[in-house]
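If you're matching them up, the sequences are chains A and B in order.
Quick note: the first sequence uses the working numbering, first residue 1234, plus one each step.
Quick note: the second sequence uses the working numbering, first residue 519, plus one each step.
Just so you know, not all the hints are guaranteed correct.
[Unchecked claim] Dumping the calculated DSSO-like pairs for lysine-lysine here, alpha-carbon to alpha-carbon at most 30 Å:
1. B:Lys-632 with A:Lys-1346
2. A:Lys-1262 with A:Lys-1289
3. A:Lys-1240 with B:Lys-596
4. B:Lys-632 with A:Lys-1354
5. B:Lys-632 with A:Lys-1289
6. A:Lys-1343 with B:Lys-532
7. A:Lys-1343 with A:Lys-1247
8. A:Lys-1346 with A:Lys-1306
Just so you know, the hints here were simulated from the structure itself, not pulled from any lab data.
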Amino acid sequence: MTEEILKLEHVSKKFHDLTVLEDLNLSVKRGEVIVVVGTSGCGKSTLLRCINGLEKLQAGRIIFEGENIDYDKNLSRLRQKIGMVFQSYELFPHKTVLENITLAPLVVQKRDKKEVVREAKELLKKMGLEQKADSYPRELSGGQKQRAAIARALCMHPDVLLFDEVTAALDPEMVHEVLEVILNLANQGRTMLIVTHEMQFARAVADRILFLEDGRILEEGSPEEFFEHPKTERAKQFLQKFQYEKRKSLVTT
Amino acid sequence: MNPDFIYKVLPLYKDAAVLTLQVGFIGIFLSVLIGLVCSLIRYYKVPFLTGAVAVYIEISRNTPLIIQLFFFYYGLPKIGFKMNAFVCGAVGLGFLGGSYMAEAFRSGLEAIAKVQIESACSLGLSGLQTMRYIIFPQAFALSFPAFMANVIFLLKETSVFSAISLMDLMFTAKDLIGIYSKTAESLFLLVVFYLIILLPVSLLGSYVERRLGRHGFGS
Chain A
1234 MTEEILKLEH VSKKFHDLTV LEDLNLSVKR GEVIVVVGTS GCGKSTLLRC INGLEKLQAG
1294 RIIFEGENID YDKNLSRLRQ KIGMVFQSYE LFPHKTVLEN ITLAPLVVQK RDKKEVVREA
1354 KELLKKMGLE QKADSYPREL SGGQKQRAAI ARALCMHPDV LLFDEVTAAL DPEMVHEVLE
1414 VILNLANQGR TMLIVTHEMQ FARAVADRIL FLEDGRILEE GSPEEFFEHP KTERAKQFLQ
1474 KFQYEKRKSL VTT
Chain B
519 MNPDFIYKVL PLYKDAAVLT LQVGFIGIFL SVLIGLVCSL IRYYKVPFLT GAVAVYIEIS
579 RNTPLIIQLF FFYYGLPKIG FKMNAFVCGA VGLGFLGGSY MAEAFRSGLE AIAKVQIESA
639 CSLGLSGLQT MRYIIFPQAF ALSFPAFMAN VIFLLKETSV FSAISLMDLM FTAKDLIGIY
699 SKTAESLFLL VVFYLIILLP VSLLGSYVER RLGRHGFGS
């Protein structure tokens, strides 16, 4: 039995009157890759933001490595173990790529500078960005920025990685290079929660798919189950949106 | 134009320029301090103080410097608070400039997207570390053009110091016109000396602005 790394118990999140997450329960095992799908506004991103403590919960609790995530007490410490990558990259524009990666390990974890720089450079090499260490984020393409952001998250040695629609702002060709990186991480056995609209990728990378609707987990299962035999009507409708029927051509050849 | 006269009164202008610069820079230093404190109070929406800052900013921006100076120089002594003209000039400039600086810094602070800050938080940076490493450097660069415009504006405002009988450039020029009736020479020197003070500041400002612009801002 693999160890449980993250657990959500009866998590509820409201923005004023709007309920975004309702009584959500989830258990994540170490090494598991979970892909969260669902229509816009179903609470996918909010779910990740709650796990990272960027949103306060109205009810329920989130337990990470046996510790209750407490907004006032241990958040900063636990966050170092929970890496997050954002849709809009959010590299720091006034710092070089290398500085972006080394900042938090140096000032938060107070690690040795030489060691951090060496590791950052190794990570950049793995991301195919060794030439870009001293560039500023604005000099990078979207795909490169996102890979740098992933390297930045990795340099903190997180136990869980959260990916929030990390390819949604990218051109199609760049989507691939970023997803390739994430797929590699999955193969290394990293625990990940991924929010995405890339269904093919979801199918390839996921151990488990969560289908969210109105802040609840409507369906949960292996990629095969979910994509081949969706149980609910809503999931069927959702999956249909990614398919197009061949139109009848009006031109006779 | 009488070159001999110009040569003769040059040292007077030089002394006045030094005085103007001294008061000007102390005043600007004060205004930066006040501006920083006020902008942070407004940015973090500190209870009670935010309201006080808003009142100060409206009073400071919507009254002319000369009237503020009269208040400090002639008004405050009536309630037992006396300052000499030098201190009064610097404090007055700080009082006026504080609000302008506060607004300049605030616009810089508020221009930084919330998700930038979240991204710093998600890396485990504390509030103070986020301010120091992420928000402040970016806000500084973003508000620099407005800051520079304020510095130049405040240096020019020093020309009303003569109203509280501070022996600044304006005072010197008016004095010389009164004594020698050499209007053309006196005003000519006044213009030249203000340019000598302001042009380098202006040029330095544009240089720094260009350097900051080159350093990876904007996506």
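*Can you name, in rising order, the numbers of the hints this structure does not satisfy?*
3, 6 and 7
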